[in-house]
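Could you build the full structure based on these sequences and the hints that come with them?
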Amino acid sequence: MFNGPSSESETSMMLWIYVTLAALSNGSAQLLLEQGMRDFAVQSLGTSSLPIYLFKMLTTPLVLAGIIAAGVSMLIWLKILTYAGVSYVFPIWMGLTFALVLVGSSILSGEAISALRIMGVVIIVTGVFITAMS
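FYI, in our numbering the residues of the sequence shown are 2 to 135.
One should not assume that every hint holds.
To be verified - Listed next, the in silico SDA-like pairs over lysine to any residue satisfying Cα-Cα at most 25 angstroms (straight line):
(1) Lys57 with Ala70
(2) Lys80 with Leu22
(3) Lys57 with Ala42
(4) Lys80 with Met95
(5) Lys80 with Ser110
(6) Lys80 with Thr12
(7) Lys80 with Thr61
(8) Lys80 with Thr132
(9) Lys57 with Lys80
(10) Lys57 with Met95
(11) Lys80 with Ser135
(12) Lys80 with Leu32
By construction, these hints were calculated from the structure, which means they are not laboratory data. Computed from a predicted model, the values in this text were never measured in an experiment.
Take a look at the structure:
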């Protein structure tokens with residue numbers, strides 16, 4: 002029976018694996034939701050009632066996939082909290098998510114990344130590593 006990591010290095014490795022998976026699923030959720038809502042935005046509320054509009058929105062395939070990815074991210078996040086305190090892992094998780102969303106939006110949506118944004122991401126990722134060393 003598996004009782005979890007047996008050493009501090011295994012715990013640290015598992016934490017990084019979980020944080021990376023959470024960041025990937027959270028970043029994917031954001032990108033899926035963005036694209037799904039762009040596709041959905043061409044529809045208008047028009048004469049539809051709000052419940053019908055919400056149902057249509059929530060059943061849009063990319064929006065639904067984004068919601069599922071966000072749910073997966075939250076489940077992984079709950080597991081992460083069994084390994085370390087929120088003040089330690091939250092900045093790492095969000096920093097990685099921020100960098101992944103920036104790169105993903107450039108690749109998938111063709112969004113331009115300015116030099117200033119790149120500098121900002123470098124600062125954030127540097128902060129992530131500083132936080133991880135503490």
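How the hints compare with the structure:
Restraint check for Lys57 and Ala70: the C-alpha separation of about 19 angstroms stays at or below 25 angstroms, so the hint holds. The hinted pair formed by Lys80 and Leu22 meets the criterion: a straight-line CA distance of about 11 angstroms does not exceed 25 angstroms. As the CA atoms of Lys57 and Ala42 are separated by approximately 11 angstroms, the hinted pair is consistent with the 25 angstroms bound. A distance of roughly 16 angstroms separates the Cα atoms of Lys80 and Met95; the hinted pair therefore holds under the 25 angstroms criterion.
Distance restraint check for Lys80 and Ser110: the Cα-Cα separation of roughly 31 angstroms exceeds the 25 angstroms cut-off, and the hinted pair is therefore not satisfied. Of the pairs offered as hints, the one joining Lys80 and Thr12 holds, with about 12 angstroms between alpha carbons and a cut-off of 25 angstroms not exceeded. Only pairs whose Cα atoms come within 25 angstroms are accepted, and Lys80 paired with Thr61 is rejected, the gap being roughly 29 angstroms. Between Lys80 and Thr132 the CA atoms are separated by roughly 20 angstroms; this keeps the pair inside 25 angstroms, and the hint holds.
Taking the CA atoms of Lys57 and Lys80, the gap is about 32 angstroms. The hint is violated against a cut of 25 angstroms. The hinted pair formed by Lys57 and Met95 fails the criterion: a straight-line CA distance of about 30 angstroms is larger than 25 angstroms. With a CA separation close to 21 angstroms, the supplied pair Lys80 and Ser135 stays within the 25 angstroms bound. Using a Cα cut-off of 25 angstroms, the hinted pair Lys80 and Leu32 holds, with the two alpha carbons roughly 23 angstroms apart.
Going down the numbered hints, you'll see the structure goes against 5, 7, 9, 10, while the others check out.
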